[in-house]
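Asker: Given the structure of chain A, go ahead and fit chain B onto it with the hints provided.
As you go down the protein sequences, you meet chains A and B in turn.
Residue numbering for the first sequence follows the working numbering, starting at 1197 and increasing by one per position.
Residue numbering for the second sequence follows the working numbering, starting at 30 and increasing by one per position.
Keep in mind that a hint or two might mislead.
Result set (DSSO-like, lysine-lysine): computed pairs, CA atoms no more than 30 Å apart in a straight line [claimed, not checked]:
no.	chain 1	residue 1	chain 2	residue 2
1	B	K42	A	K1345
2	B	K90	A	K1326
3	A	K1326	B	K42
4	B	K90	B	K42
5	A	K1326	A	K1345
6	B	K90	B	K51
7	A	K1345	B	K51
8	A	K1326	B	K51
These are calculated hints, taken from the structure and not from any lab test.
For clarity, every value in this text was computed on a predicted model and none was experimentally measured.
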Amino acid sequence: MRWGVVQFPGSCDERDALHACELSGGEARLVWHEERDLAGIDAVVVPGGFSYGDYLRAGAIARFSPAMGAVAEFAAAGGPVLGICNGFQVLCEAGLLPGALLVNESMRFACRQLELHVEGSGERLSIPAKHGEGRYWAPEQVLDELEAKGQVAFRYAPGQNPNGSARDIAGVRSEAGNVLGLMPHPEHAVDAMTGSTDGLRVFEAVAGAAI
Amino acid sequence: MARARARVLIRPKEGILDPQGKAVERALPALGFEGVGHVRVGRMVELEAEDPARIPELCEKLLANPLIEDFEIESIDGA
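The shape of chain A in the complex, shown without the other chains (with noise of 0.2 Å):
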């Protein structure tokens, strides 16, 4: 299981998810914003951070970066992608998900280990999110046929959504299932030490659809 985690002038949290990667049982390189080649690699990692100072809008800059025309390729061939936090923002801003992420309601950055409810499966996860845009949003329309097709995958606990999001969604999924993306930050959780290693299972899920 290889990893390749982009990192993009000012991502900040690419180095959390190479480390959480490893943990889950990979190896893991970093794959930098000009590189286009992602042979060799069987999942992708968009990690958070402000990519290209997150100019004009989170994300907006990052996606016309060399390594995101590669990462684009790699999802439409069925290669599996986890985006986080500005990774998620990226692949939005990219088409590759559906929806935007908006200024949190509060106008406030929120920095909180919150829970997460993974949709369909029950299961709970603790996990920090820090972020000030935040607010997951799409039209209605868009949002139903997300909720009929499956495509959300994470939400916020009852009474913890921190950016006022729609309909309490956490993370979504594309279409085909394979691209994957979620503001709250799993590879901040892979530590006993720091609180949780909830964040684990989501690398892990995500390495099981790359086998």
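Answerer: Chain B alone, transformed into the frame defined by chain A:
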């Protein structure tokens, strides 16, 4: 080659909650500005383009996200 100068105004679409606009709206009465509502905060981008016909395309692809934002293009100095 003469370049066309343009100004692009980008704002959140109607119906999408704009917390920045709301925050500004709530601050105004405290400063004595009563009766101001429906405040929307957006962005303004000025640019010069060799081929002005391509400005709408670059707005749709980069400057605005058409899912959540509307944009208007104004030409500057009649170009």
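Asker: Now look at each hint and say whether the structure bears it out.
Answerer: Hint check:
1. Pair hint B/K42 plus A/K1345 holds up; C-alpha atoms about 26 Å apart against a cutoff of 30 Å.
2. A hinted pair counts as satisfied when its Cα atoms are at most 30 Å apart, and B/K90 with A/K1326 qualifies at roughly 28 Å.
3. Only pairs whose Cα atoms come within 30 Å are accepted, and A/K1326 paired with B/K42 is accepted, the gap being roughly 26 Å.
4. Restraint check for B/K90 and B/K42: satisfied, since their Cα atoms lie roughly 16 Å apart, inside the 30 Å limit.
5. For a cut-off of 30 Å, the pair hint linking A/K1326 to A/K1345 stands: about 28 Å separates their Cα positions.
6. A distance of roughly 28 Å separates the Cα atoms of B/K90 and B/K51; the hinted pair therefore holds under the 30 Å criterion.
7. Of the supplied pair hints, the one linking A/K1345 and B/K51 is violated, its CA atoms being roughly 34 Å apart against a limit of 30 Å.
8. A C-alpha spacing of about 23 Å is found between A/K1326 and B/K51, which places the hinted pair at or below 30 Å, so the restraint holds.
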